[in-house]
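Asks: Protein sequences appear in the order of chains A and B. If you count the first sequence from 1, you need to add 258 to reach this note's numbering. If you count the second sequence from 1, you need to add 51 to reach this note's numbering.
Hints are computed from structural coordinates only; laboratory data are not their basis. Warning: the hint list may mix true and false statements.
[Said to hold, decoys possible] Cut-off 20 Å, straight-line C-alpha distance, at most; resulting in silico cross-link-like pairs (SDA-like, lysine to any residue):
#	chain 1	residue 1	chain 2	residue 2
1	B	Lys304	B	Leu251
2	A	Lys270	B	Gln96
3	A	Lys270	B	Gln92
4	B	Lys304	B	Glu235
5	A	Lys270	B	Leu89
6	A	Lys270	B	Asn127
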Amino acid sequence: MSDISILSHEYKVASTLSQMLSQSLILLKKAHYALPGRERITSEAITVSQRELADILMALAHMMKQEPSQKIEEAITLQIPRVLVVRLQNERSGDLDYYLDDLTQAADRLRQGIDQLQEKDFALLDHVAQEADIQASSVFRRMMRM
Amino acid sequence: MDKFFCGLLLSLEHRCSVLRDRLAAMQTDPVLSEQARLAYQEVEQVRRDVQELLTDPDLGASIVLRNQLQRFQRWNEQILQVEAYLFPLLERFTEHDQKITELCRHLTAQIGWPLLPPLVVACSQQYYWTQPQYNTIWVPAAEGTTLLGLPDLCHELGHILLLHHEAILTGAFIQELVAYILQEQRRVETQQRPPDYRALYDQLLVQWLDEWLREFVADMVATYLVGPAYGWQHVRLCSGSKRTAYHPALEEKAVHPADEARLRAILEVLNLLAPRQTGERIKALWDSYLAASGETMPPEYMVCYPDSLLASLAADVVAGCQTLGLQSFKLGGDADQNLPSLFLEAWERFLADPQTYDQWELPRLEALWKTLH
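Produce the complete structure using the sequences and hints provided.
Replies: Structure (structure tokens):
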């Protein structure tokens, strides 16, 4: 009945999301910006990263819209911490509709191909990855009492 | 930063190598093999990932540095977890741990547990808890010396089950929860609630989805498995510590939901599986405890934990347990042969006559430990 049981589950969700975002972003940036390490990446790995990131962005958009629909359930099963959604909602409360459009458009471009991605898409993805990173670290410190 | 970051990675790689070599040199008991394998795999995987990054031509490139740092932080946390939660267990597994692990194995065999039985360690400093991803449960040192607290083992099993079968156990509940919060927020728009409640409802949804839901599910799984024994144990646990029964209410935050709401969650499962009087007896004891402690329900408390949501979740969890093939307490059988039945009988004996309970319990415990060895 200690908090650890709940926090360890919460941390698992947050850290899995954070790892996936940072790993996928590194791969896409290597490919998009033609970094020297791009030769080590397979096209299959890039495709998987594009799909995973697009799914996350679409899930975030649906969760931020707060629609009690099947789509919400799908989003939840992708395991996005709700606190992250609320933090983004609060941060973008002034221009939420535009932000939701940005999320959806970035997801569409991710699905179309890496050459379709724009600077603003990477900025958006970096911001989401940073929020996921903050959440994972925060839960970890609570769990480990650091 | 490049040089410093490289140093951090080298240091983590070295730590992984040290831990891996220590694990490789361990003479582990066969009962620890799953956790030893998990620890080795995690440490070695992180070591390889770090090594790969160290040889990456893009290491420290400004465009990816932030993402690389995030990856490093997750790896570092992973290794800290292995050290904190697996090494003490692997290097200091005692006879007490062995005994209670064996008890848990018997329990999991009897309830149709669909996963590998967990390892149980009897040296917790924080009552019962689990690390579900490592399949380990930690319990207080003397927990094997009484039957009354053992239903809590099933609560931790519930957390482990949830990690593997979340969708099966929660069913359509999440949609229902979101719909409920939206409905409450609409009351703000129609001025049936103060304007600042909108943010409170957002916070309520965060607490439910990120934390409380898991605790309620674990409570409900435990109730499905050991029935009223878990309800009685909940009252015993609450009576023994000074946590207010109605905390957290609206505007308050806590990792655990309120004890009062947890009791109602337990009763909802009992209502589905047992005669109505079963839950009523537990509720009567709980009410007398609350009256004695002088606690009163804060305003708007029920908004946080409406009966309708708890009832829906109970139906989903019971259906999920049935889908997973778990055996409910109703089918337990003879207390000499079945641990959930033994826990229930222990509680009935304790409630009927606490003065002579010890005399009844001691020979049962001795017989139980004899059976397990």
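Asks: Now look at each hint and say whether the structure bears it out.
Replies: The hints, checked one at a time:
Taken as a hint, the lysine 304 of chain B and leucine 251 of chain B pair is honoured in the structure, with Cα atoms around 10 Å apart against an allowance of 20 Å. For the hint linking lysine 270 of chain A to glutamine 96 of chain B, the alpha-carbon distance of about 17 Å falls within 20 Å, and the restraint holds. Simply put, lysine 270 of chain A and glutamine 92 of chain B have alpha-carbon atoms about 17 Å apart, close enough for the 20 Å limit, and the pair holds. Our distance criterion of 20 Å between C-alpha atoms is met by lysine 304 of chain B and glutamate 235 of chain B, whose separation comes to about 19 Å.
For the suggested pair lysine 270 of chain A and leucine 89 of chain B, the alpha carbons sit about 15 Å apart, so the restraint of at most 20 Å is met. The hinted pair formed by lysine 270 of chain A and asparagine 127 of chain B meets the criterion: a straight-line CA distance of about 14 Å does not exceed 20 Å.
Hint violations for this structure: none, all hints satisfied.
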